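Participant: Protein chains in written order, with my numbering: chain A, 1 to 456; chain B, 1 to 334.
It is worth saying that the hints were derived from the structure and are not from the lab.
Watch out, some of these pointers could steer you wrong.
In silico DSSO-like cross-links for lysine-lysine, where the CA-CA straight-line distance does not exceed 27 Å [what the hints assert, rightly or not]:
id, chain 1, residue 1, chain 2, residue 2
1, A, Lys56, B, Lys327
2, B, Lys217, A, Lys56
3, B, Lys115, B, Lys327
Chain A side only, calculated, beta carbon under 8 Å to chain B, not exhaustive [what the hints assert, rightly or not]:
id, residue
4, Phe74
5, Val120
6, Leu407
Computed Cβ-Cβ distance ranges for the label pairs, DEER-style [unchecked claim]:
id, chain 1, residue 1, chain 2, residue 2, range
7, B, Pro311, A, Thr259, 50 to 60 Å
8, A, Val230, B, Glu180, 56 to 66 Å
9, B, Ala3, A, Trp123, 36 to 46 Å
10, A, Arg43, B, Ser332, 36 to 46 Å
11, B, Gly285, A, Thr166, 45 to 55 Å
12, A, Val327, B, Leu117, 38 to 48 Å
13, A, Ser397, B, Cys120, 42 to 52 Å
14, B, Leu195, A, Ala401, 24 to 34 Å
15, B, Glu180, A, Ile363, 31 to 41 Å
16, A, Ser397, B, Leu209, 28 to 38 Å
Every value quoted in this text rests on a predicted model; they were computed, and no experiment measured them.
Glycine included, every Cβ here is placed at the ideal spot set by N, Cα and C.
The chain contents come next:
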Amino acid sequence: MDALLLARIQFAANISFHILFPTITIALCWILLYFKIQFHRSRDPAWMTAYAFWVKIFALSFALGVVSGITMSFQFGTNWPGFMETVGNVAGPLLAYEVLTAFFLEATFLGIMLFGSNRVPPWVHTLATALVAIGTGMSAFWIIVLNSWMHTPAGFEMIDGQAHVTNWIEVIFNPSMPYRLTHMLIASGLTACFLVAGLSAYRLLRDDKTAGVRKAMKTAVYGAALLIPVQIFVGDLHGLNTLEHQPQKIAAMEGVWETERGAPLLLFAIPDEKTKQNHYEIGIPKLASLILTHELDGEIKGIESFETSPPVAPLFYGFRVMVGIGVLMLLVSWYAAFKLVRSNTLPRITLRILVAMTFSGWIATLAGWYVTEIGRQPWLVQGVLSTAASAGNAPASNIAASLTLYLSLYAVLLLAYVSTLFYLARSASTPPANRNTTDRFISFNPITPATGGATL
Amino acid sequence: MSAIPDDLLPVIFLGLMGVAMLLYAVLDGYDLGTGLLMAGKSEVHRDQMIASIGPFWDANETWLVLGVGVLLVAFPVAHGVILGALYIPVTLMLAGLILRGVSFDFRAKAQAKHKNLWDCCFIAGSLLATLTQGYMLGSYITGFSQTLPAILFALLSALCVTCAYMLMGACWLILKTTDELQQQSIKSARRTVPLTALGLVAVSIVNPLVSPEILQKWLSTPQIFLLAPLPIATAALLYGLYRLLDRYTETSNTSEARPLMMTTGVFILAFIGLAYSFFPMVVPGQLTVWEAASSPDALRIILWGCLFTLPTILGYTALSYFLFRGKSTALSYM
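The following block holds chain A by itself, in its conformation from the complex (with noise of 0.2 Å):
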C-alpha cells in the first residue's frame, strides 16, 4: 500500500478511536448534571445512586478520550504537513481557542468533579460538574468550526497558495456549521441515552431493581424518545444544506450516477465504480427528489456531472447504516417511552433489545462521519486543498509501522474498555435471593414485585 492511503487509514483509525469517547462524555456529562440537579432538588437519593455509578462510567471514558486526542496534536504534523502550511492560518487560531477555552476548563474541573466532593461545597462540586460539562461543549463547537470549514470553506482569500483570514464570523458561522454542530450535539444525546439505557436494562435483566436504576434508565428512555425525532429534522436539513454546497456528496450518498428528474429513494443497491451504475436496486419512486427537492419531480445532480467525486459505495452504504440505526432508534425509543408512561412496565424483550442497542449511537455516528469525510475526497479542504498534496513524506515502512501499533493498542482498549462497562453493571448489582429470570415483563413500579414485568 502506498504511503498517502496507509496516512490516510491512520488518520481515519486515530479519528475513529477518539470520537467514540467525546460522543459519550458530551452528553454524559449533562446528564450526570441532571441527577445532581434532580438530587439537589428532591433530595431523593437514589439520584446520587444513579450519579455514583455512572461517573465511574464518565471518568473512564473522559480518560480514554483525552489520551487518544493527544495523538490528534501531533498527527497534523506527523503526516499532514501541508494542511497547516496552507490553512494554518485558518485552522492554527481555531485549535488554539479548543486548547485555551476548553481542554484546560475541562481537564482542571474534571479532577473536582472526580474527587474534590468531600473537599468543597456541594453547590462547588455540582458547579465543577457544569464547568466540565461546558468544557466538552466548547471543545466541540471549536473543532466542528474548524471541520465544517474544510467542508464549507468561508472568510478567506488565498495568497501566494496560503489561505489568509478576511473575516472570521464568516470563517467561525461557516455555511454547514450551524447544521453540523447540531447535528453531532445530538448525536452525541443519542449515544449517552442509548449507552445509559442498554446498561441499566442489563442491570434490570439481572434483577437489579433498584430506585438508581430505574431513574437512569426512565431519564434515558425518555431523553432518547424527544432527541430522535429532533435529529432526523435536524439531519435533513444538514442533507440540504449538503446538497447546496457539497452535491457531489449527496449524489453519491443517493447514488445518482447520471442527472436524473424524480429520482427513486434506493433502499438497496450494490453500487458499482467500474460500470458506473448500480446493481440490485430497490427502491421508491420519486422520493429523493421529493426529500431532497420538495417537488416528485426535481433534478437530483449525477456523480459524472461534478468534475470530482467522492467513492460511491462507502457513502451510499454508510448513509443506509446512519438512517437505519436512527429509525431504529425511534422505534425502540418511542415504543419504551409508550410502555412507561402507560403502565409503567418494560417487557424483558425490550430490555434485551435496549442491551443490543447500548452501543448503536457509536455505529451510526461513526457511519454519518464516514458519509460526511469521505464525502469531501478528493479534497481535505474542499476545493482548496486536496488530500494528496497536504500528505507528508513519512516513508510507508514507518507509518505501516505506527499504524499496526495503534491498531493493536485501539483493539485491546477496545475489548478492555466494553467489557469493563459491563463488569461495572455487574459488580453494582447486588442479586436478591429468589431471583426469577424466566419473568416476561420487568416491572417499574417499587410497589409491586416483579410479576411478569419489570415496574420502574
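Please build the complex by placing chain B on the supplied structure of chain A, with the hints as guidance.
Facilitator: For chain B alone, coordinates are given in the frame of chain A:
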C-alpha cells in the same frame, strides 16, 4: 495588540511555547515520575501514589497539547520538520501516554484480578513516555543528526531525562505522602540526583561540540560571565538537594515542599540554558523563529485569546492545587 511589531510576535509565541513545555516537564514530570517509581511497590503504596496524582494528571498533560499546539499553529513549518524527523519516537511516546492514561482508570474499575496487569501497563507506559521524551530532546539538541555518536547521545539523554522525571516524582511523593512511602521516596530522590546531574553535564558538553554557534554563544566574552551563574546555580541547587535528602530524617522540621521546589529550580535553570543556546532557532541549524512563523494576523488573534484565557487557566489550576493541598487522601468519587 496591533502595537506589537510583526517581528516581535514570533518571539512572543516562542516564549509561550517554551513556558508551556517547561510547565509540562515540571507538572507531568512529577506524575510520570510517580508512575516510574510505582515499579516494585506494594499495592497499598501504589494506591497512595495514584491517589496523589489523581486530580491533576489530566490537566498536566494538557500543557503538552498546548506546547505542541503552539508549535503547530505558530510555527507550522517547524512542526512538520520536527515531528517528521521524530516520527517513530513520537508514535512510541503517544502509545506510552495512551497506555498510562487509560491504565490509571482501568486499574480501579476493571476486575480486581487484572489490577496488577493495569499497574504494569501504567509503569510501562510512563517509562515509554519518559524514555522517548528524553530521546527526542537529545535528538533535537543534535539537530536530528543520525550519526552513531548522535544516537548514543540521544539514548543517554533518554536515560537522564527519565532519571530527572523520577527525581521529580520522588520529590512530589515526599510532599504528598507520609511514613514508609515518604521514606522510600527520599531514598529514590537521593539516588536519582547524581544521574540527573550527569545528564545535565552531558548536555552541556555535547551542546557546544555539535554546534559552533553555541560554542561561540557560550564561551565568548562577555557572554561567558553573564552565563556563568547558570551552571553554578544549577550545581549549587543539586548539591543542596542531595545534602538535604541525605539528612532529611534527622531534620524533621524541613519543609516537605523544599525538595520539589529545588528540583523545579533545576528544571527551570536547565530550560533557560537550552533556550539561550538555541534562540532564535526553532529547528537547530535549519529554521529561525521568523522563518517558521505563521502570518502576523493569525498570531495576533491567538495572542488575544491567550491574554484572557491563560490568566484564567493559571487561576483555576492554582485553585485545584489549593483544594487538594496537603497529604493526599484515598481517591473516592463520592
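Participant: Let me make sure I understand: some of the numbered hints might not hold for this structure. Which ones are they, in numerical order?
Facilitator: 2, 6, 10, 11, 13, 15
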